[in-house]
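2 protein chains.
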Amino acid sequence: MEAPRPRPGRLLLVPTPLAELGDVALTEVLPQATLETAAALDHWIVENARTARAVLGAIGRHVPLRTALQQQVLSVLPKHGELDMEAARALLQAALDGTDVGLMSDAGAPCVADPGARVVAAAHALDIPVVPLVGPSSILLALMASGLEGQRFAFHGYLPVEPRAREQRIRELERDSAHHHQTQLCIETPYRNAVLLKALAETLHPETRISVACALTAPQAFIRTLPAEQWRTQLDQLPSKVPAMFGFLAR
Amino acid sequence: MEAPRPRPGRLLLVPTPLAELGDVALTEVLPQATLETAAALDHWIVENARTARAVLGAIGRHVPLRTALQQQVLSVLPKHGELDMEAARALLQAALDGTDVGLMSDAGAPCVADPGARVVAAAHALDIPVVPLVGPSSILLALMASGLEGQRFAFHGYLPVEPRAREQRIRELERDSAHHHQTQLCIETPYRNAVLLKALAETLHPETRISVACALTAPQAFIRTLPAEQWRTQLDQLPSKVPAMFGFLAR
Numbered sequence: 026m027e028a029p030r031p032r033p034g035r036l037l038l039v040p041t042p043l044a045e046l047g048d049v050a051l052t053e054v055l056p057q058a059t060l061e062t063a064a065a066l067d068h069w070i071v072e073n074a075r076t077a078r079a080v081l082g083a084i085g086r087h088v089p090l091r092t093a094l095q096q097q098v099l100s101v102l103p104k105h106g107e108l109d110m111e112a113a114r115a116l117l118q119a120a121l122d123g124t125d126v127g128l129m130s131d132a133g134a135p136c137v138a139d140p141g142a143r144v145v146a147a148a149h150a151l152d153i154p155v156v157p158l159v160g161p162s163s164i165l166l167a168l169m170a171s172g173l174e175g176q177r178f179a180f181h182g183y184l185p186v187e188p189r190a191r192e193q194r195i196r197e198l199e200r201d202s203a204h205h206h207q208t209q210l211c212i213e214t215p216y217r218n219a220v221l222l223k224a225l226a227e228t229l230h231p232e233t234r235i236s237v238a239c240a241l242t243a244p245q246a247f248i249r250t251l252p253a254e255q256w257r258t259q260l261d262q263l264p265s266k267v268p269a270m271f272g273f274l275a276r
Numbered sequence: 026m027e028a029p030r031p032r033p034g035r036l037l038l039v040p041t042p043l044a045e046l047g048d049v050a051l052t053e054v055l056p057q058a059t060l061e062t063a064a065a066l067d068h069w070i071v072e073n074a075r076t077a078r079a080v081l082g083a084i085g086r087h088v089p090l091r092t093a094l095q096q097q098v099l100s101v102l103p104k105h106g107e108l109d110m111e112a113a114r115a116l117l118q119a120a121l122d123g124t125d126v127g128l129m130s131d132a133g134a135p136c137v138a139d140p141g142a143r144v145v146a147a148a149h150a151l152d153i154p155v156v157p158l159v160g161p162s163s164i165l166l167a168l169m170a171s172g173l174e175g176q177r178f179a180f181h182g183y184l185p186v187e188p189r190a191r192e193q194r195i196r197e198l199e200r201d202s203a204h205h206h207q208t209q210l211c212i213e214t215p216y217r218n219a220v221l222l223k224a225l226a227e228t229l230h231p232e233t234r235i236s237v238a239c240a241l242t243a244p245q246a247f248i249r250t251l252p253a254e255q256w257r258t259q260l261d262q263l264p265s266k267v268p269a270m271f272g273f274l275a276r
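Protein chains in written order, with our numbering: chain A, 26 to 276; chain B, 26 to 276.
One or more of the hints may lead you astray.
[As the list claims (entries may be wrong)] One-sided excerpt, in silico: chain B residues whose CB lies under 7 Å from chain A:
no., residue
1, T52
2, A58
3, A134
4, C136
5, V137
6, A146
7, I153
8, P157
9, P161
10, S162
11, M169
12, A170
13, H181
14, P185
15, P188
[As the list claims (entries may be wrong)] No farther apart than 25 Å at their CA atoms in a straight line, the calculated lysine to aspartate or glutamate pairs in the DMTMM-like style are these:
no., chain 1, residue 1, chain 2, residue 2
16, A, K266, A, E227
17, A, K223, B, D152
18, B, K266, B, E192
19, B, K223, A, D152
20, B, K266, B, E254
21, B, K266, B, D48
It is worth saying that the hints were derived from the structure and are not from the lab. For glycine and all other residues, C-beta sits at the position ideal for the given N, C-alpha and C.
In isolation and in its complexed conformation, chain A is listed as follows (with noise of 0.2 Å):
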């Protein structure tokens, strides 16, 4: 007779946060729903482990943790490359044994800009519930702050680096900006956050709107919107070296 297969545990999306663990009190940025259901697992897939420890370590001075961070299973997703449904069935095996799994991304939500929805995907076609649980998204919070449509808007990643493709790319996202009335917004990698608001700046129609969101729940926070002519005067303003979203709405 075969053993009948355990009801499977869940998987949970625990989101972390976006600033600094010394700029940010945890209390500030997660639900303490959030913090309890973390801090009762023992078995996580994480996009990185270092993180991933002095989140945990940071919630246990919050709410206990279940289990001593020694003694928990980390398990981290593949950095590059994709992470094929077969390694994303692999990380799911202790939930499949029916223990709850908590999933964990470098900053802000799993799943959103970053690699996690594979082994959510692989979830759903295992039957294991998914639970996502509320904290911090610089894509969100971004989105409300900038003042721009937020009943229509679309996140692209990155822009091309090369000036002409992205030269391109912005044009293009204008265009369907302006058919859609549709807010944009994309990303770069800090070192070279002037360069993109640069193009975008000297890009977009003068009346075009552009709000950049940097630093976001941190004391440091700046955020501004501005038509695109404004910002072509004071692109000195933009903090340096710091995680920033950037958003457009064409007229």
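Position chain B relative to chain A; hints supplied.
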């Protein structure tokens, strides 16, 4: 001599629960800092006064309100038609006079899928600092839980109601989804959820994955992602009369 202009107050963007207050504890979906910040305010711009008073009452049961609910000043966003910039500025008068003002949506994150963005745009134009606070967003939670592409996605609001226009729009969005490997998200009023899911399941390519997320954050949350062809035979699984978010990703 002219009196110096006071230092303006801030505009705080305060998210509210997605689920009924009886179904979900505030601490499940709002960080302590969001509760404390909201409890300290006495001027509000709100989408719905009744909801706002209920949420403030619930917040007061966790963190004492600095100003009694009856003494708080609630200005209601015009429900229909465009909120023009002059009207938005008028709503912000208290902030111009130096008082912090909260902006609260009917459910979820303000300025996302609601008319609040005009108020934030006016705040930027008036140099009123804008502070987005962390809370639940059905768009973000649905995207996280979908297992669909989270590195490129778009929210389109409502699709056309007329069947042929809706079908045409679904095909157009599927082409764009395939071209940009972009998740497409949309909503519908609860009583038309079944009609929209049927249209998506029958119009999209059989292998295009469709995700449905209903009653997010509530105990009866329903989250399922299946290829269109599998949805066709289980349309009756969709819970009725609950808020739902729909997503799909072409192969």
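Consistency of the hints with the structure:
{"no.": "1", "hint": "T52", "in the structure": "holds (4 Å)"}
{"no.": "2", "hint": "A58", "in the structure": "holds (4 Å)"}
{"no.": "3", "hint": "A134", "in the structure": "holds (5 Å)"}
{"no.": "4", "hint": "C136", "in the structure": "holds (4 Å)"}
{"no.": "5", "hint": "V137", "in the structure": "holds (4 Å)"}
{"no.": "6", "hint": "A146", "in the structure": "holds (3 Å)"}
{"no.": "7", "hint": "I153", "in the structure": "violated (11 Å)"}
{"no.": "8", "hint": "P157", "in the structure": "holds (4 Å)"}
{"no.": "9", "hint": "P161", "in the structure": "holds (5 Å)"}
{"no.": "10", "hint": "S162", "in the structure": "holds (5 Å)"}
{"no.": "11", "hint": "M169", "in the structure": "holds (4 Å)"}
{"no.": "12", "hint": "A170", "in the structure": "holds (4 Å)"}
{"no.": "13", "hint": "H181", "in the structure": "holds (6 Å)"}
{"no.": "14", "hint": "P185", "in the structure": "violated (13 Å)"}
{"no.": "15", "hint": "P188", "in the structure": "violated (21 Å)"}
{"no.": "16", "hint": "A:K266 - A:E227", "in the structure": "holds (21 Å)"}
{"no.": "17", "hint": "A:K223 - B:D152", "in the structure": "holds (22 Å)"}
{"no.": "18", "hint": "B:K266 - B:E192", "in the structure": "holds (23 Å)"}
{"no.": "19", "hint": "B:K223 - A:D152", "in the structure": "holds (22 Å)"}
{"no.": "20", "hint": "B:K266 - B:E254", "in the structure": "holds (24 Å)"}
{"no.": "21", "hint": "B:K266 - B:D48", "in the structure": "holds (16 Å)"}
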